[in-house]
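Novice: Sequence:
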Amino acid sequence: DHDSGVNAVIDKGIIDAENLFITGGSAGGIAAAYAIGLTDRFNAAAVAKPVVNWISKTLTADSYIGQIYHQFPGMPWEHLEHYWQRSPLSLVGNMTTPAMLITGEEDYRTPISESEQFYQALKLKGVDTVMVRVPGSPHGIAGRPSRLIAKVDNILAWFERYRTDLNGSSND
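Each residue of the sequence shown is one higher than the one before, counting from 2 in this note's numbering.
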């Protein structure tokens, strides 16, 4: 789980416990979104191309067959609760961590509608959030050097905004 790994590197003095950030893309985006629903220990999150609602993802993405037959017991309409319990969107009520969402507008693996749902839910909850839409980009956002640089720049700027300095003050 996320917390035990984070605790282990804090205990070894490898990372600063006052400046914890989480990021991930695709499956890592799902994990990052889920993590900020389980804990508020991260200063900020950068969630790239996530699945936040397995019901809608299964019904809109190009990889739905894999989910239906390998990850779930059957069709979404037959197992709504099963799909929903595994969806980070179900945890928005617990979320307070500022989140940047990044998704390509031409992503059919994790459709931009997933990030749009997450963005709207976080805004409704009052969580500081921004959404970066990458025009013309498929699932491989960083497939072009210019998009890779823009992605990294956006994430670093977002994290810097929530970094705590040595005096315990936030940059926000």
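FYI, nobody ran anything at the bench for these hints, they're computed from the structure.
Remember, it's a predicted structure, so these values are computed and weren't measured experimentally.
C-beta: ideal position from N, C-alpha, C; glycine also.
Fair warning: there could be bad hints in the mix.
[What the hints assert, rightly or not] Here are the in silico distance ranges between beta carbons for each label pair:
1. Glu82 x Val10: 16 to 22 Å
2. Glu117 x Asp154: 21 to 27 Å
3. Ser5 x Gly127: 39 to 45 Å
4. Val10 x Glu161: 19 to 25 Å
5. Gln86 x Ser5: 35 to 41 Å
6. Thr165 x Glu82: 21 to 27 Å
7. Asp12 x Ser147: 38 to 44 Å
8. Tyr109 x Asp166: 38 to 44 Å
9. Ser170 x Arg145: 36 to 42 Å
Novice: Okay, Glu117 versus Asp154 on CB: inside 21 to 27 Å?
Specialist: At roughly 22 Å between Cβ atoms, Asp154 and Glu117 fall inside 21 to 27 Å, so the hint holds.
Novice: Taking the beta carbons of Ser170 and Arg145, is their distance inside 36 to 42 Å?
Specialist: With Cβ atoms ~37 Å apart, the hint holds.
Novice: Verify the CB-CB distance for Ser5 and Gly127 against the hinted window 39 to 45 Å.
Specialist: Because 30 Å falls outside the window, the suggested range is violated.
Novice: Using the Cβ atoms, figure out if Val10 sits within 19 to 25 Å of Glu161.
Specialist: holds, 21 Å
Novice: Are Tyr109 and Asp166 spaced within 38 to 44 Å by their CB atoms?
Specialist: With a Cβ separation near 42 Å, Tyr109 and Asp166 satisfy 38 to 44 Å, so the hint holds.
Novice: Using the beta carbons of Glu82 and Val10, state whether their distance is inside 16 to 22 Å or not.
Specialist: violated, 35 Å
Novice: Please test the hint of 35 to 41 Å on the beta carbon pair from Gln86 and Ser5.
Specialist: violated, 22 Å
Novice: That 38 to 44 Å hint for Asp12 and Ser147 (C-beta), does it hold up?
Specialist: holds, 40 Å
Novice: Between Thr165 and Glu82, does the beta-carbon spacing fit 21 to 27 Å?
Specialist: Given range 21 to 27 Å: violated, Cβ gap about 39 Å.
Checked against the numbered hints listed earlier, the structure breaks hints 1, 3, 5 and 6; every other hint is satisfied.
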